[in-house]
Amino acid sequence: MTDVLLELDDVRKWFPLASDRLFRREREHVKAVDGVSLRVRAGETLGLVGETGSGKSTLARCMTRLHDVTSGRVIFDGVDITQMSQRDLRPVRREIQMIFQDPYGSLNPRRRVGSIIGDPYAIHGVGEGTDRKRRVQELMELVGLNPEHYNRFPAEFSGGQRQRIGVARALALRPRLIVCDEPVSALDVSIQAQIINLLADLQAEFNLTYVFIAHDLSVVRHVSDRVAVMYLGKIAEVADVESLHATPRHPYTAALLSAIPIPDPELSDRRERIILRGEVPSPINPPAGCRFHPRCPKAQDRCAGEEPALVSRNGDEEDHRAACHFPVQPGERLSAANGERP
Amino acid sequence: MAVAAADSSPPLLAVEDLRVSFRTHDGVVRAVRGVSFDLAKGKTLAIVGESGSGKSVSTQAIVGLVRGAEVSGRATFAGKDLLTMNAEELRRIRGARIGMIFQDSLSSLHPYYRIGWQIVEMIRAHDGSVSRAEGRDRAVDLLRRVGIPHAERRVDDYPHQFSGGMRQRALIAMAMALGPELLIADEPTTALDVTVQAQVLQVMADLQREFGTAIILITHDLGVVAEVADEVVVMYAGTVMERSGRRELFYRFHHPYTEGLLGSLPSEQDVRRRLRPIPGSPPSLIRLPKGCPFHPRCPYAFERCRTDVPPLRPVYGDEAHLSACWLPTDPAGREGARADAGVTAEARGSR
Chain E
1 MTDVLLELDD
11 VRKWFPLASD
21 RLFRREREHV
31 KAVDGVSLRV
41 RAGETLGLVG
51 ETGSGKSTLA
61 RCMTRLHDVT
71 SGRVIFDGVD
81 ITQMSQRDLR
91 PVRREIQMIF
101 QDPYGSLNPR
111 RRVGSIIGDP
121 YAIHGVGEGT
131 DRKRRVQELM
141 ELVGLNPEHY
151 NRFPAEFSGG
161 QRQRIGVARA
171 LALRPRLIVC
181 DEPVSALDVS
191 IQAQIINLLA
201 DLQAEFNLTY
211 VFIAHDLSVV
221 RHVSDRVAVM
231 YLGKIAEVAD
241 VESLHATPRH
251 PYTAALLSAI
261 PIPDPELSDR
271 RERIILRGEV
281 PSPINPPAGC
291 RFHPRCPKAQ
301 DRCAGEEPAL
311 VSRNGDEEDH
321 RAACHFPVQP
331 GERLSAANGE
341 RP
Chain F
1001 MAVAAADSSP
1011 PLLAVEDLRV
1021 SFRTHDGVVR
1031 AVRGVSFDLA
1041 KGKTLAIVGE
1051 SGSGKSVSTQ
1061 AIVGLVRGAE
1071 VSGRATFAGK
1081 DLLTMNAEEL
1091 RRIRGARIGM
1101 IFQDSLSSLH
1111 PYYRIGWQIV
1121 EMIRAHDGSV
1131 SRAEGRDRAV
1141 DLLRRVGIPH
1151 AERRVDDYPH
1161 QFSGGMRQRA
1171 LIAMAMALGP
1181 ELLIADEPTT
1191 ALDVTVQAQV
1201 LQVMADLQRE
1211 FGTAIILITH
1221 DLGVVAEVAD
1231 EVVVMYAGTV
1241 MERSGRRELF
1251 YRFHHPYTEG
1261 LLGSLPSEQD
1271 VRRRLRPIPG
1281 SPPSLIRLPK
1291 GCPFHPRCPY
1301 AFERCRTDVP
1311 PLRPVYGDEA
1321 HLSACWLPTD
1331 PAGREGARAD
1341 AGVTAEARGS
1351 R
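In order, the protein sequences belong to chains E and F.
Going by the working numbering, the first residue of the first sequence is number 1, and it counts up by one from there.
Going by the working numbering, the first residue of the second sequence is number 1001, and it counts up by one from there.
Check the hints yourself; a few may be wrong.
Computed list of chain F residues with no C-beta within reach of chain E, every gap over 12 Å [what the hints assert, rightly or not]:
no. : residue
1   : Ala1040
2   : Val1071
3   : Ala1226
4   : Phe1250
5   : Gln1269
6   : Pro1277
7   : Arg1297
If the Cβ cut is set under 10 Å, some of the chain E residues that face chain F in the computed set are [stated by the list, open to error]:
no. : residue
8   : Gly50
9   : Arg65
10  : His67
11  : Pro109
12  : Phe153
13  : Asp188
14  : Ile191
15  : Ala193
16  : Pro265
Hints in this document: simulated from the structure, not taken from any laboratory.
Every residue, glycine too, gets a C-beta built ideally from N, C-alpha and C.
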């Protein structure tokens, strides 16, 4: 299994809540990520989708070890990095980089762009003086920025250009894996497309592996080879992108896909929408059994008692796994079962 | 002015040559530069555009909610010009006959007062004959109708006790409380997750059917437009680039900016197709380019585009389909321009 670049094995990340009673025996936790196993293959783009509170951003930070995990293992390129010390981690950090959502909040406004992009070189002691400047200007050119703007401040750049700065910084050390956390959601559509194309070009040129986190499923579908759907800290379904869209097995995936607005009136009119009841429950006390069961149009008694495993269902390929006792059949109508609106 | 819908009754709202500008230290910001559209009773008009296109300012100006701006033009609502009304007249109309929902639901609700109390006060401000007890019953009923579970209990919650989706629904309840003829919804679902967005859009559609309310939906999401709009206005740099029915906009667009927006989205038919972004970024509203404001980014731009501002005129022989572009207005001429500019026909999708 040499082609697996990153492996997560039963990863949990719980955040303790401030306890309001001094002698309370059990401390409460936000179970942001609660038992996720996932493999990212070298050279692929794995899309990670889910709604607010699904734990996708926390999971991203576990992958890059910006968070220490509560339990489970994170294995990068065959090496267990879960407990690695910060010093041992340094060479690994060169290979795993991150791109963030907010092109305004993630760049220090008082520093010049050249020095922001050159940060990774400074931290890892790569090049010096004019050599470093040359490297930074090459990076700027690579991501479509004017190298002459080396001495400008972030405020002098538009949102799209700032995101290019973030991309350049992530590329500086020629990483193998880039975790992109909502990289285009703060941008206007015409600018989004520029950045998506840029990421695709860079992937081809440098043989990069991406984990692409987004709530916009049409963007995820466009960029991903495989997609993992998260719900309340767990993977609900993971599959090849086309197989996920063609035959979603988990009712949550089906509902999520049916809720994406399609910019095509005919397809939009023809489509059957599954409107879910209620909202995502609290990750402090997630529902027992299947976490989706209180909102699921197909839920039965078994779903409240027994947690479904993430396995291949209904003779699907080994790679298409869904955590559901009663997987959706192709052509099955889910909205009929869902009589009561939220 | 163009013909509105098929019927000949006067539109509920007719906006003509609306202009809004702000004086700033850097110069005059011309946020809206001559916007015209109209809206029939019970219909949904979507205004799409990117940041800074003037889509929000236009509608805020119509209901007198922009401060410190110079506003000119006409906005005739049910026979009267909103732009010449005094503050008191406008206040009577806002909330009662024109409901409003904004993107940021947390700042639209007062954090200090219970949700129900805020709805009751809104109703009583416009109709003093409603008692508090009656108002409360109506608030519970409204919250139930927008899908708030246990409405009779949640009516006494404070805004922070509601989730984002619930707050947005509470705002819809408030905006619809007096059965308005017009609802202005400015990015009402942008901050919400897709499954919650679907719930909220459904609630809006149900209420529209029930009250016959016309809706102006301001959005940047062409998917939402395809789902709910009857008519669409595409704005760029403070002006209308294209105006048409929903299907015409998606399948027979004329303006290169509309084409650019659609090309920027992943295609449904060919998901992996490379995106075609619009190069560059929108112009400064203080120093606008001469001629068509889109010409510096337009793949079709020719000499005239750099000097003369194109008027909004009918295209493809359809009086209800307007485009502000110098390209030929007949289908063959427009298609020819595409070929000349080296834009392939596949750009248009399979239809």
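Here is how each hint holds up against the structure:
A cut-off of 12 Å between C-beta atoms confirms that F/Ala1040 is not in contact with chain E; the least separation is 19 Å. Residue-level check passed: F/Val1071 sits 26 Å from the nearest beta carbon of chain E, beyond 12 Å. Look at F/Ala1226: its CB is around 5 Å from the nearest CB on chain E, not clear of 12 Å, so calling it non-interface is violated. F/Phe1250, annotated as away from the interface, has a beta carbon of chain E within 12 Å; the closest lies near 5 Å.
Not every CB of chain E is more than 12 Å from the CB of F/Gln1269 (nearest about 8 Å), against its label as outside the interface. For F/Pro1277, the non-interface assignment is contradicted: its Cβ lies about 3 Å from the closest Cβ of chain E, within the 12 Å cut-off. With a minimum CB-CB distance of about 8 Å to chain E, F/Arg1297 fails to clear the 12 Å threshold, and the non-interface call is violated. A hinted interface residue such as E/Gly50 counts as satisfied when its beta carbon comes closer than 10 Å to some beta carbon of chain F; here the least separation is about 9 Å, so the hint holds.
Interface restraint check for E/Arg65: the shortest CB-CB distance to chain F comes to about 28 Å, outside 10 Å, so the restraint is violated. Proximity of E/His67 to chain F is violated relative to the hint, the smallest CB-CB distance being about 23 Å (cut-off 10 Å). Violation of the interface hint for E/Pro109 is found here, the shortest Cβ-Cβ separation to chain F being roughly 19 Å, above the 10 Å cut-off. Taking 10 Å as the C-beta cut-off, the interface hint given for E/Phe153 is violated, the closest approach to chain F being about 17 Å.
With a least beta-carbon distance of about 4 Å to chain F, the hint placing E/Asp188 at the interface is held under the 10 Å criterion. At a threshold of 10 Å, the smallest CB-CB gap from E/Ile191 to chain F is about 7 Å, leaving the interface hint in force. Against a cut-off of 10 Å between C-beta atoms, the interface hint on E/Ala193 holds, since the closest Cβ of chain F lies about 3 Å away. Taking 10 Å as the C-beta contact cut-off toward chain F, the hint placing E/Pro265 at the interface holds, the least distance being around 5 Å.
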